[in-house]
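Engineer: Residues per chain are reported as follows:
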Amino acid sequence: MTVAVIQFGGSNCDRDTVQALDSVGVEAELIWHEDGLPAGIEGIVLPGGFSYGDFLRAGAMAAQSPIMDDVRSAADAGTPVLGICNGAQIGCEASLTPGAFTTNESDRFQCEHVHLRVENADTPWTRAYEEGDVIQLPIAHGEGRFEISDDRLDTLEADDRILFRYCEPDGTVTPESNPNGSKHNVAGVTGERDSVAVMMPHPERMSLPDIGPTDGRGVLGAFA
Amino acid sequence: MALSDSDRDVVVEELGRDPTHPEAALFENLWSEHCSYRSSRPLLTAFESDGEHVVVPPGDDAGVVSLPGAEDTYLAMGIESHNHPSYVDPYDGAATGVGGIVRDILSMGAYPIALTDSLYFGDFDLEYPRYLLEGVVEGISEYGNSIGVPTVAGSVAFHEDYEENPLVNVACVGLLEADRLTTAKAQTAGNKLVLVGSSTGRDGLGGASFASEDIAEDAETEDRGAVQVGNPYREKLLIEANEQLIEADIVESARDLGAAGLGGASSELVAKGGYGAEIDLDAIHQREPGLSAMELLLSESQERIVYEVRPENVERVQAIAERYDLGSAVIGDVTEDGQYVCTKDGEVVVDVPAEFVGEGAPLADLDRVEPSQPETDRPEVDIESAFETVVGHPNTASKRWIYRQYDHEVQVRTAMRPGDDAALLAIREARADRRSAEQSSGDNRETGVGLAISAGADPNWTEAAPYEGARAAGLENATNIAAKGATPLAAVDCLNAGNPENPDVYGEFAGIVDGLADVCADLSVPVVGGNVSLYNDSATGPIPPTPTLAMVGTKDGYEAPALSLSGEGTLLLVGDLALAGEAEPRLGGSQLLAGEGGTDRFPTLPDDPSAFVEAVAEVADADGTLAVHDVSHGGLAVTLAEMVHADAGADVTIETDDSVGALFHEQAGRAVIETTAPDAVRAAFDGIAPVVELGKADSSGTLSLSVGPDTLEVTANEIADLRSIIEDELD
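Listed in order, the protein sequences are those of chains A and B.
Residue numbers for the first sequence follow this note's numbering, so the first one is 1 and each next one is one higher.
Residue numbers for the second sequence follow this note's numbering, so the first one is 1 and each next one is one higher.
Since the hints were derived computationally from the structure, they do not count as laboratory data.
Take the hints with a grain of salt, since some may be wrong.
[To be verified] For the chain B half of the interface with chain A, some residues (derived, Cβ under 8 Å), not all of them:
(1) V88
(2) S141
(3) N145
(4) P232
(5) E322
(6) Y324
(7) R368
(8) S372
(9) Y406
(10) R413
Only a predicted model underlies this, so the values are computations on that prediction, with no experimental measurement involved.
Using N, Cα and C, we set each Cβ at its ideal position, and we do this for glycine too.
With the rest of the complex left out, here is chain A (with noise of 0.2 Å):
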């Protein structure tokens, strides 16, 4: 499967995820956005990053771009899509999926380690782990705070679109582990179909076994 990697003018995670891929086997290529979404491609990473540094709102640019034209047809069409950080901020001001990112609750960028309860494990970016698994993955973001109306995220969570919820390393959910102030810590969540979903933490800096820990392979291994 060729993954297409889409880099706006300020993406920045765009080579990292590349070589994510690669580790798990997936034959990834950037894409400059100007250049459209070739043929052939069968799956598509937003990355992280500052597309068109963050002006106006994080990811509000670039959902504008001409390419995202392309990834909504696609993302219809069933070609799975993951928006990663501000890949995720793109991806709900593109409406590919519910919600919005939005300023951490400390006003601040923070970069850290983070512990994500694994909430769905039937969907093909889960599929690796069981539901209730705990996995770590950083954050790395000044803008992650996830934000929906009350009863959109009841049908969200009635519908079982949560991937993960930051939580404590014994997998609770808690205040404490909620690391930007997202609503019932929600970190990642899907589109109407489970092939099209965005998470801020970022899988792909885990996914190199030479640096660490690879609790984040099992996300980018739904294109292999």
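We have chain A; now place chain B onto it with these hints.
Structural biologist: Showing chain B alone in chain A's frame:
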């Protein structure tokens, strides 16, 4: 600040006429201390910049070294100060410091892979230094994070004499293959000069000369126009465009536009090649109408690089710039005759010998007074309150509040994160399977090269003893690298001091220059680049002389012992001359004296630091080694406190009749090693450095100290409370 009368006389004599207004402004800025090193150059010859791995010595935008065992893979290293701008406008001042040093790395043909920040502020208890700290950290965070270059190491120190003159010293490391190497030396007359990046506006005018005088009391309002404003989004585009230009091999030479703007960059680029230039100032892409020749020449608008390009490649260069939404302009030609000529509206406004602009500044011959060390007058203090004073001080406290705001993991190389002695990055490019057989050597090329990075200085040390303190700072950085099993390879330095016209300040400055030069020579660490920042003087007086060093070292692979105890080994202290009875314990330069008052002489340093560092690196990677931690700021007490955590404690007994001295002296060149093979460690240090057994690590989560007649028990929780002062106060 205008061109001084004496400099004007030199210019008039060379030109045979009065300089034009733009020429005078060009000389004023390029002959400023910041650009010309006129006060420091006579001293800087002390540095060794040769070595078998040195590819580009100091004098270019950045130094370049080759990686041991992968000689076709190079590192570019540079360091820069952004001190005065960070006082006037901490956010933009610090942010543009990051931007500038990153472009220095780009212009060598390298891709930036790591940043370090060494920051120095006034007393943490005061409101103003805190405001500066928050602004500076936010500026570094937003700029560094946005451009996708991890900030992996650094240092933060508080000292009352930085109150109105903080220091922001930013270093950057870049990676390149040998065939990408680009320098700032013009290659051929007839080539075009292409300016790529942001348009030119009025920001940062006269920044170089502003950086070369004392901070005035009204600087915050009066000098705001001399502070540049950064745009990290455009810098990131410039990084990507530069990458394409270098990969396409269509750039002959390159120089970042930093201090003294286009005038500085373009004149230095051509002068270095023995050429001149003809520049059409009207061709520059401009942000606003009505810019004068002087403004176009000296604007320090950010995110700009000037490239020398063969005429047939100009179109491709401009097409790449356009792909990344960057402006570009063909602004002139490299010329044979060595004259630097600028025209505006069809008139020649500058016509001076290019070499004279860069090299003609008369060197200053300044008086100096040799610093002296104080008598011993130690405070009366027991170890319990000393422990609280030192471990609970912001200088030794956890810096997590700061580095948590920096993305330290982007680029997926970070094997060891901030908070340890040194960062460790994976250089997979050096792996044998990525290279041809003849390019690969060494024992363990399967794993690639681990790059250890450490940066910092301790103002308490160099205030107490400039020469010895600078030696200690060099040794401490090397020990940090060795503690992760790496061997020091090269360094860049940033030498900060007050007004050099003050003989005491100049004497201290000479002390830190010589001390750093000597220790780096002793360690066989070539200093491949640097920066000097003088006139760090304000209403509150001169700063302590501050020799920031950013050092890199290498090892096979990316595994290294942590500084945290495992709880299962014997604890050995290596290198402590006082405990071994080889020197008297001296508290000079210590955090204890900074906190409790009193004076003492600076500790004696080991005679052969190189053998010590080598032995630490060897032991760090030995099978029985469980943890290694450098002993430095705050002394042994802080080191042990940092190693203890909820799951592991230490039971330590030290025989001494000077328990305060033993726990709190700050002799550099020491480390605590937790090991299951203590005899092997003793053998490794035999004849090199003393080894003292401290006791055992255990699973208690408590630090139990029995030192001479005194005892102290502190739990990991209590230590964490003491060490969290920065986040407690700022969150």
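Engineer: Could you run down the list of hints and mark each one as holding or not?
Structural biologist: So, going through the hints one by one against the coordinates:
1. Interface restraint check: V88 (chain B) against chain A, minimum CB-CB distance 23 Å, threshold 8 Å, status violated.
2. The closest approach between the C-beta of S141 (chain B) and any C-beta of chain A is roughly 5 Å, which is under the 8 Å cut-off, so the hint is satisfied.
3. The interface hint given for N145 (chain B) holds, since its Cβ lies 6 Å from the closest Cβ of chain A, which is under the 8 Å cut-off.
4. The restraint placing P232 (chain B) at the interface with chain A holds, with a minimum CB-CB distance near 7 Å, inside the 8 Å limit.
5. A distance limit of 8 Å between C-beta atoms decides the matter here; for E322 (chain B) the minimum to chain A is near 11 Å, and the interface restraint is violated.
6. Checking Y324 (chain B) against chain A: minimum C-beta separation of about 7 Å stays under 8 Å; hint holds.
7. Of the supplied interface hints, the one on R368 (chain B) is violated, with its beta-carbon coming no nearer than about 44 Å to a beta-carbon of chain A, more than 8 Å.
8. The interface hint given for S372 (chain B) is violated, since its Cβ lies 45 Å from the closest Cβ of chain A, which is over the 8 Å cut-off.
9. Below 8 Å, beta-carbon pairs count as interface contacts, and Y406 (chain B) has one with chain A at about 6 Å; its hint therefore holds.
10. The closest approach between the C-beta of R413 (chain B) and any C-beta of chain A is roughly 7 Å, which is under the 8 Å cut-off, so the hint is satisfied.
Hints 1, 5, 7 and 8 from the list above are not met by this structure, while the remaining hints are.
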